[in-house]
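Given next are the chains, with one letter for each unit.
2 protein chains.
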Amino acid sequence: MTKTVLIVYAHPEPTSLTRQFVIETIATLEQQGHTVLQSDLYGMNWKATFDQHDFPDRVDNDRLSFVQESGHAYSSGQQTRDVIAEQQKLLAADAVIFHFPLWWFGMPAILKGWVDRVFAYGFAYGYKGQGNRYRYGEGMLKGKRALLSVMAGGPAEEYSARGINGPLEELLFPITHGMLFFPGMDALPTHAVYGTGQLSKTIVEKEIAAWQRRLKHLFDEKPIPFRHQNGGDYQQNILAKHIAADKEGITAHIDN
Amino acid sequence: MTKTVLIVYAHPEPTSLTRQFVIETIATLEQQGHTVLQSDLYGMNWKATFDQHDFPDRVDNDRLSFVQESGHAYSSGQQTRDVIAEQQKLLAADAVIFHFPLWWFGMPAILKGWVDRVFAYGFAYGYKGQGNRYRYGEGMLKGKRALLSVMAGGPAEEYSARGINGPLEELLFPITHGMLFFPGMDALPTHAVYGTGQLSKTIVEKEIAAWQRRLKHLFDEKPIPFRHQNGGDYQQNILAKHIAADKEGITAHIDN
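Which chain is which? The protein sequence lines are A and B, in order. First residue of the first sequence? That's 1 in our numbering, and the numbers climb one at a time after it. First residue of the second sequence? That's 1 in our numbering, and the numbers climb one at a time after it.
Simulated from the structure, these hints should not be mistaken for lab results. Take these hints with a grain of salt, some might be off.
One copy or two, either will do: identical chains are not told apart, so a pair holds if it fits within one copy or between any two.
To be verified - The list that follows gives simulated cross-link-like pairs (lysine-lysine, BS3-like), each with its CA atoms no further than 30 Å apart:
1. Lys47 <-> Lys3
2. Lys89 <-> Lys47
3. Lys201 <-> Lys128
4. Lys216 <-> Lys201
5. Lys222 <-> Lys247
6. Lys3 <-> Lys206
7. Lys206 <-> Lys216
8. Lys142 <-> Lys128
Next up, chain A with everything else stripped away, as it sits in the complex:
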């Protein structure tokens, strides 16, 4: 069955490895018959900073509360056009792929600003106006898949279990768990290319081939098994005593 996939990417250089991957993503998915939507953040000149201009019609003109104004703008249809367009793409998508270079162990600011602005109250949090009731596996984006494709300058070993940077998937937990699984998406294990500053043409070709193979399983791969907030593993949003009883920290939220 054909699906719709949204690609959100954050690199301005058309010949960069990030953009080469984007081109491959589009080609591979279209070849499979899928519909591809794109958000080329640099190309769109995406406004990164979340500020008063996101709220043309304020509840409170004297004091800016982001949560309050976000909820009001979303529920009253007063969001800015660029934000509405991105939300509509997200709603249309069966899967979302993010392509970006890893800058300081996270997203480039332009992509973080996409999340800050698009993930509105009522849309990605405060679902159904019920605070934190629907979250981590439930929410507006439930049933969709999400996949990070990151380009890291450093070598793979430095992102390994005992590598000096910390394991990549733990560094990205605030994104996979906190931004993607939070509003309901199933986050797949991150796809990374390492040592991107000095890859030979041969290695680039191998990496692209590996990515094409991976993409073919976009809809049947097993997501990261994050525990669902309302699935019985938590009591008042704390891990229940019998769950991962000997563990604490971010990895305890993965049901391995």
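With the hints as your guide, set chain B onto chain A.
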């Protein structure tokens, strides 16, 4: 002895809790005789997106490589004025305090964009033009202290050792370890205020008093004991076998 402290903050609303903390920081530090420098990112209309405009004099006009152009701009004195000014403040500071609301478990985009743009090659990475030789405890910013003051909407329990969001300090590891300790700064344990959406005036006063007390120890508090890259705990940037032998993941990089 009087010191110089840089405060970098990211909230546009003057009456927000973030900004109330900023006011207290300035008052408390000045009362102690310290010199306070400020970077009010919203007030400065800080450019969040790192792009071609950061490199007015390019090495390569055909292809944009951020690392290459960052290194060239830094070493040849061709950086933009706003970036140079921030680097000079960092160099003048004995400590840097970051005040920001926690948005999606990380920095607001405007602050991430401050790091993306100001932490140039040759300044915060690629120190002395020697790639990753000086890093994690060594580098241009060695000897300075850094402290995050974050405002979290959710309750403290959800950020506890087994809370559903993950422990706050682990979520912020990409910042404390990856952005602050990386170029040499000693990162102090994060100061957080939780449940910021619904604090009574009494609680706010208590939180501000706690922050004032904490600030008095800015220069004698013990930093997070991150392991130094070149201190003997790593072999080729992997934890040596005898170090934290039973551990892996981000917490293994803390020498508790």
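Task: Copy assignment of Lys222 with Lys247, given that the CA separation must stay at most 30 Å - done: both (23 Å within a copy, 26 Å between copies)
Open item on the list: Within a copy, between copies, both or neither: which one fits Lys206 and Lys216 at a CA-CA cutoff of 30 Å?
Closed with: Result: close within a single copy only, 16 Å intra versus 55 Å inter.
Task: Homomeric proximity label, Lys89 with Lys47: Cα distance no greater than 30 Å - done: both (17 Å within a copy, 27 Å between copies)
TODO: Classify it for me, Lys3 with Lys206: is the Cα-Cα distance of at most 30 Å met within a copy, between copies, both or neither?
DONE: For Lys3 and Lys206, only the intra-copy Cα distance (27 Å) is at most 30 Å; the inter-copy one is 53 Å.
TODO: Could you figure out if Lys216 and Lys201 sit no more than 30 Å apart (CA to CA) within one copy, between two copies, both or neither?
DONE: within (23 Å within a copy, 55 Å between copies)
TODO: Please work out whether the CA atoms of Lys201 and Lys128 approach to 30 Å or closer within one copy, between two copies, in both situations, or in neither?
DONE: This pair counts as between: shortest inter-copy Cα distance 29 Å, intra-copy 50 Å.
Open item on the list: With identical chains, the pair Lys47 and Lys3 could be close in the same copy or across copies; at 30 Å between alpha carbons, which is it: within, between, both, or neither?
Closed with: within (29 Å within a copy, 37 Å between copies)
TODO: Measure nothing new, just compare the shortest in-copy and cross-copy C-alpha distances for Lys142 and Lys128 to 30 Å and report within, between, both or neither.
DONE: Cα proximity of Lys142 and Lys128: one copy only (13 Å, versus 48 Å across).
Every hint, counting from the list given before, is met by this structure.
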